[in-house]
Each structure stands twice: as structure tokens, then as C-alpha cells.
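Student: Chains as they are written, first to last, in numbering that gives the first Met the number 0: chain A, 0 to 307; chain B, 0 to 596.
I should point out that these hints are in silico values taken from the structure, not numbers from a laboratory. For clarity, every value in this text was computed on a predicted model and none was experimentally measured. Treat the hints with care, as some may be off.
Facing chain A, a subset of chain B residues (Cβ under 7 Å, in silico) [unchecked claim]:
no., residue
1, P53
2, L110
3, P173
4, Q236
5, A408
6, S411
7, N422
8, H424
9, L441
Derived Cβ-Cβ restraints for the label pairs, each shown as a range [as the list claims (entries may be wrong)]:
no., chain 1, residue 1, chain 2, residue 2, range
10, B, G553, A, Y149, 33 to 41 Å
11, A, I96, B, R465, 54 to 62 Å
12, A, K235, B, G28, 53 to 61 Å
13, B, Q236, A, G187, 52 to 60 Å
14, A, Y149, B, S450, 43 to 51 Å
15, B, N5, A, Y195, 48 to 56 Å
16, B, A131, A, L203, 53 to 61 Å
17, B, E447, A, Y195, 25 to 33 Å
18, A, Y3, B, S545, 30 to 38 Å
19, A, V192, B, K360, 38 to 46 Å
20, A, G187, B, S75, 54 to 62 Å
21, A, Y195, B, R465, 27 to 35 Å
22, A, R14, B, N439, 54 to 62 Å
23, A, Q170, B, G453, 58 to 66 Å
Yeah, the Cβ is synthetic: ideal placement off N, Cα and C, and Gly gets one too.
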Amino acid sequence: MVSYKYSDKGTVIHRLNPWCKLAWIAAVFVLALLFDSPVYLLILSLSTLPVILAARVWKEWLSVMKFAFFLCLLIIVINALVSNQGSHVLYQFPVAIPIAGAPRITLEGILWGVGNSLRLLAIISAFTVLMFAIHPDDLMLAMVKAKLPYKSVMVTSLSTKFVPALMDDAQCIADAKKSRGLELDRGGRIQRVKSYASIAIPLLSNSLDRAVQVAEAMEARAFGSGERRTFYKELKLGKVDITILSFVFFSVAFGIFSRCSGQGGYQYYPVVEAISLTASEWAMLFVLLLLVNAMPILALLKRKVSLD
Amino acid sequence: MISIKNLTFYYSGGDKPSLRDINLEIHDGEFVLLTGPSGGGKSSLCRCLNGLIPHFYGGKITGKVEVNGLDVTKHSTKELATMVGMVFQDPENQLVAMDVDSELAFGLENLAFAKEVIARRIEEALDTVGIASLRHRATSELSGGEKQRVAIASVLALYPDILVLDEPTSELDPKGAEDVLNVVERLNDELGITVILVEHRLDRVVAHSDRVIVLENGMITADGGPRSILSDGRVSQSGVGIPPIIKLAQAVKSKGMSLRVKRSNLDDNTPLTVKEGRIALAKTLRHSKPFASRHSEHPSLSLRAEGVAILRPFAIAQGDNKESVIASETKQSHLKPLIEVKKLWHAYPDGFVAVKDIDLKVCPGEFVAIMGRNASGKTTLVRHFNSLLKPTKGDVILDDINTREATVAELSRKVGYVFQNPNDHLFCDTVEEELAFTLNNLEVKGEEAESLIGQTLERFDLMQYRYQYPRFLSGGEKQRVALASILVAQPQVIILDEPTRGMEYRLKAELMKFLDQYRREGRAVILVTQDVEIAAEFSDRVVLLSEGKIVVDGPKREVLSRALLFSPQINRLAQALKSYGVPDNILTADEMIEALT
């Protein structure tokens, strides 16, 4: 069983300033959108792995990735069916399907799906760090520091906190209904949807009760009234953090520079390009890889330094 | 200091006042126990003290409530937060942060304290409550008792003079409740913090309180020292759960025996704790020659030459008829068990083995209490009885059906399962529909259904609510509707998972009366509970679980008497009075009174 809750595993990544992690996620995101070359995208996807491993969230990552792979498969299949611009025809449907017409499966169509799947994988992989390796309170604080209104941030954070309670509640209500003779998993699809929908009413009223109680408890501890508020925890940037941040920014800048100088592009249509990188391209890719991975490396060093 | 003058309050939309004409002064450092039937206005009164009423709830308020000289209607809850700390009933719904030290910082941050001050206050609050070891833990991983102590620490960090706790233990297990109450008592003793504690179970806290206030229908009906209030007959009639020891003392006195707790004060003759009861009763027994000789003809009592009252061992057959009938019945092997558990093991998907190698039989007419600490496997075990859980190993046979081969819904004809929170049961528009829903699922229709619904509504005294929206009923009424919605199917076995937690005494007794009737019709009642007094009074067999295994299984008298932890208050008294001839297997106040007279 994988729980989708944040749990503090105390790794160097968990200990790292949330700004560094957020910046790194943003950097992977930008770079993934920037480049088209499958080599670049593959290496970018792989370069998220050291962070995942260092944060010891691979179990969670794996279960997210299972879902991501399914998504990718969907992209590949759909694109292969609807795009008919490629020139290497693998299979021509003899009959027309509504909407899609008579699909022509081309090598280009499939490869486009694969290439963009790599892009998606890189982005999703980076975001698992956001989900599993950034403390929700830190994230909240970062959002507040980013000038988002405190109350909205607090409400968002609270709603995520009460998701597990909501799930338990739903389970309990479903069990209670079954115990009163309702076959929740029997009957046609419509009947089942109806049965499960009947859980919604008690769930909603229980949640409203809960919301009032939480609000009351917060009020009793001086929440609200819109005045100034202090924060006990700070997101202080140390020297190493600033170094990490600058490396991350530099990786984006370097990426933009290399893309502008004509590297990392790729054409699928009409004829798929051969993948060939020059020595200088490999060199620049290597530098980029190093820059992106500066975060886990420096985080490890930081741990060393602070221990000494 | 709190001063309330002529306070009357209506919730918005309410046509009946929730509080009426309250006049009250609470002095600094007092430990006030606030009790009374549910819906009596206890929570409303608490909420007036920090301005949640009227600022949060609205409604109509007249009269004056002053806390340290501040009028609560003119000062916001935020301003009052540094004077009145409030802890609520449900530990799940009052913590807002991810970890303990952020939780403690929350109130201070809201009041814009400097970071350094917050750090110091967190440290102090952690130590005062004794939870420094929890400081980095995630709040979601804490037990209920730990959560409540974090909640106390989090309001304590605001340096309140007054601590208001609205049923802080009603969602907790006995151990968690004990931890919380210890903290509250210490805060009052050592720091002089005024405590206003709302509680249903008085036996544990009454000895520590300076004053007991009873609220009924929004009015104060009794206010005074715990000894005088609780020995007042009117108070016990109002449904307040009088601790067994006080009940016993009252009965002893009404029999004309003298009972004196302290030598100096004649009025002060109601014992509040087991210790006081032990001393007082020992004294009475020692000096009860006239009383004893008066009763020497009585078969249960004889007199030894030294003048010590000797009581016949309290045999099951004597004075315990109802139990004996059923107990002997179940011992007969020709009675086919309703539930047969054979070598049951259950492991959860995360690998936790919750029950291990359980063998158990439950026969018709039995009232079984399943007891044990938290996470001892009680709920896991009973969830197998209606197939909510399937065995990992072993079998559960229910009336010739193996639960592996049946769905929960199929078994609902035979097994009724009542969940702790009645809100989880209620989702229809009227009370009648709730009952019809169950019957409809079981394909009982037409006239048969009509008559069953009618009978059940009658039985649970719900006729007048027939067309009302169930969720708007009071707590006790909701519990009755939930029970009715299960029992309308007339299952042979009824399982209740901690139904009495947080319930006032009158409702508990009412519920138990229904259950007792039910089992007399040849059905079985299985009660998961941590409430020793309830098990002692109403069950006839106790199964004690520990770490997933059955430790003891036997008649309640064997299991609950002479035990250290799982013994009721009166039994602890009886054990101590053994040398005076009091049988040490007495469990309830009524039995003790019978043995003494």
C-alpha cells in the first residue's frame, strides 16, 4: 500500500529549502517544454531520478508513474489514430471510423506520441517531488511569501489535510449502508453509480459539520480578523541554498541559450529525423545535465558541511 | 474571573432559548465540573465564555457575560483567546497544522507574536503538558489522547487564565482520557488555571472538582460542592450519571447506616473516590454491630463473634436470576451457536496482523462484551461477523453460512451492525424512510414492511418523529433511529461498536435496556466497549482481547472481578473490603447494596 500523504523521511531533499525544490521543479518543467529532441527529453526524465532516489520516495514515485505510463499509452494510441501526416505508413484501416475517418497508422505518428510522452514523464516525475518531498507547511509558507493571500493558502492546505478523514468517512458510510442490506457492488453500471451516489449525502453533511467544528476551533485560537500575522517557521536561504538556486536558474538560462543556438530541436513530420548529436551537442547536454542535477549533489554536500 | 448576569440566548432560527436566565460567578482558580443531559446548554454556555457566541454563531443574546471584566459581546473571540482557552470534543477536528510545534505556534502567529516569543512559549507549553517528545511528530499520526493534549498545549501557549474543555474525553479510550484529565488537574493544581470541564463520566473527575454545576433545559438546576450536589436525589433523577460509589453511599445511608468520610465534618459524608469509599465503608462495617445483628437472620449475612459482618459469597445463583437463566442455557451443548469463529487470523494489506488464531462461539440469548485496549483487534474481530472483513485464515460460520461466501448485504438479514457515529447511518429524508430503506434492500415489501416499521417505531418510541428529518434530531434520538434502522430487519445477532462512547448515562441505560430486551427474544448481542461499568452492569460474558488474541473469555463475574485494570469501581472497593467479608466478585452498586442488607 502506498499512501499519498506527505511523510517526513528526513532525507537531504526533505531538509532542503522549499524554494530550491520549487525552483528545480519549475526548471525541469521549463526545460521539458523547451526541447523537442527525444534524447534531451529522455535525459531530462532520467535526471529527475537522482532526486527521487535521494528523497527515498521511489515507492510513491513508482505508483504515480504507473498512472503516468497509462496516460502515455493513451497519448501514443490516440495520436497514432488521429494524426495521418507521417509518411511511413504502417497500417491503413480499410473502413472509416466515425470522427477519426479511416486512420492511417504511421511511424511518425507513433514516434511523436513517444517523444511527447517522455516530456510528460519528466514533468510528472519532477512534480512527485512537490507532492512527496515538500512539507505542506513549507509549501504553504512559500505561497504566502509569494504574496498569495494567507487565508486562501490556509484553506487549500486544510482541505488537503482533511482528505484522508474524508476517505475514512466515505468508507464508514459505505460499510454502514452495506450492513443495512444495500448491495453496493451489484447491479448494472447505472445502479452502481446510483448506489455510490447515495453515499454523497451523508458524506456532505458530515463534512459540513466538520467544517463548522474546524472553523470554530480556529476562531477560538485567534484566527482571522484579517490583521497582521507572524510566522514561526522561516524559509531562510542559506549560502548553499542560494548556490543551489543560482545553479538551477543557470540551468534554465543555459537551456534557453542552447535551444536558441539551434540545439535540442526535432522534427517528426512529415519524415522522422535521424537522431544524431554532434560532439558539441553532447558536451552541452552533459553540462545541462550537470546543472539540473546540482540540487541533489549540493544538498548532499550541505548535509556533509552541516555535520562537520 | 467570570461573571454572568441574566444570560439568555437563542440560536438564530431557534424559538426555544438554549440558555435561560443564567446567573453565575466563577472565581479564579476554581475547578468547575459542568454536567447535565445532552441538549441542556453546556456547550452553549462554554461558547459564551470566549465570545464564539455571539460572534461566530450569531443568534439573540441578552444579559451580560464578563470575562476578567471584558464584555464578551463587545470583544472579539480573538481578543478573548488570550484569556479563555477552549478545547473541543473531537480531537480530529481541532488541529489544523501538519506537525505538533506548528500546531502550538498557530494561535501565537495569529496574534502576531514575535518569532522568539513563539519559540519560548512553545517550549513552555510542551513541558507543561508533558508532550515534549511529540514536538516533531505529524499531528495526523497521533492517538486521540495525544491529539487532545496537543490541543490543550496549543491553547495554553496563549497564556489563558481560564481553560474551558467541552467533553474533551468523550471520543477517547480510557487510557487517553486518563492522560488528558491528569494534565487538566495538574494545570489547575500547579498553575492555578481556572478549569471549566464538561463531562458525562463523573467518577474519574468529581473528586478533583471544587464545584459541580448541572445545566438542564438551558437552566442551572444545581450548583455547589460535589458531595452535596451528587448526593442530592433530584440531581440523579435528572439523568446525570452518578458515580457508582456515590450511589452506593446514598443507598447505605438510606438504610440507616452511618457513613462518614471525614471525622470532623458531619455533612461531608459522601465518598467521592474508591479510597474514601473504602475507608468510610470499612469504618461502617467495623461499627455495624447493631445493624449486623438486626440482619443476622438474613441468609446472606451472618455475624462472627468479633462483631465483623460476614457476607455469604455472592454466588451467581443468588440475586442474579436473569444472569443465571441465560448462563445455564448457553452452557447447554444442544444450543446451536449463532456465530462460530474457527482459528481466525486477519492481516491488513499493510501487513499488520490484527487478530490471531481466534476461536469463539456466540449462542442465542447471550450478551457478550468484547473488551481490550485500543488496537487490540476488537473491531477487526467483529467486522468478520457480517463479512465486512474476510478472514485471512480460518473461518467464521454464521448460522451455517461461511462468511467467505456471502456479501455484507446478504448477511444483513442475520447480523445487524451499528456503527459508532449514528450520522453514518442516516441519509434518508424521514425517519420512516430510514427503516423502509433497510427493508426494501431485503425485499420486504407491502403490508409486512408496513407493520414491521410500525412496530419498530413504536418500540423505540419514535412514532412522533416518523416524518421528521433524522439528522435534525438530538444525539440520543439519532442513536435510536440508527438502531431502529438496523433492528427493523430483526437480525439474530446485533453488533454495536463502542455505542456508548461520549453518551450521557441516561441514554446509555436506555440503550442497554433495549439490547437486554432484544437478547431475551433468543437473539445475541455483541458489544464492543471499553466501558467497564457498562460491561459489568449489562453483559453476561466478557471476552478480553490483547494484541489480537483472546486473553480471557468467561462469565463477566470471573473476568471483571479481582482484576487490576478491567474492574469496575465497586469491585475495586469490594476487593479492598474482602477482610470484612464482602464478596470480592461484586461488580455493581446494586449488588453491593444487596450484599450489605
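Student: Starting from the hint list further up, note which numbers the structure goes against and sort them upward.
Tutor: Structure breaks hints 1, 3, 4, 10, 12, 14, 16, 23.
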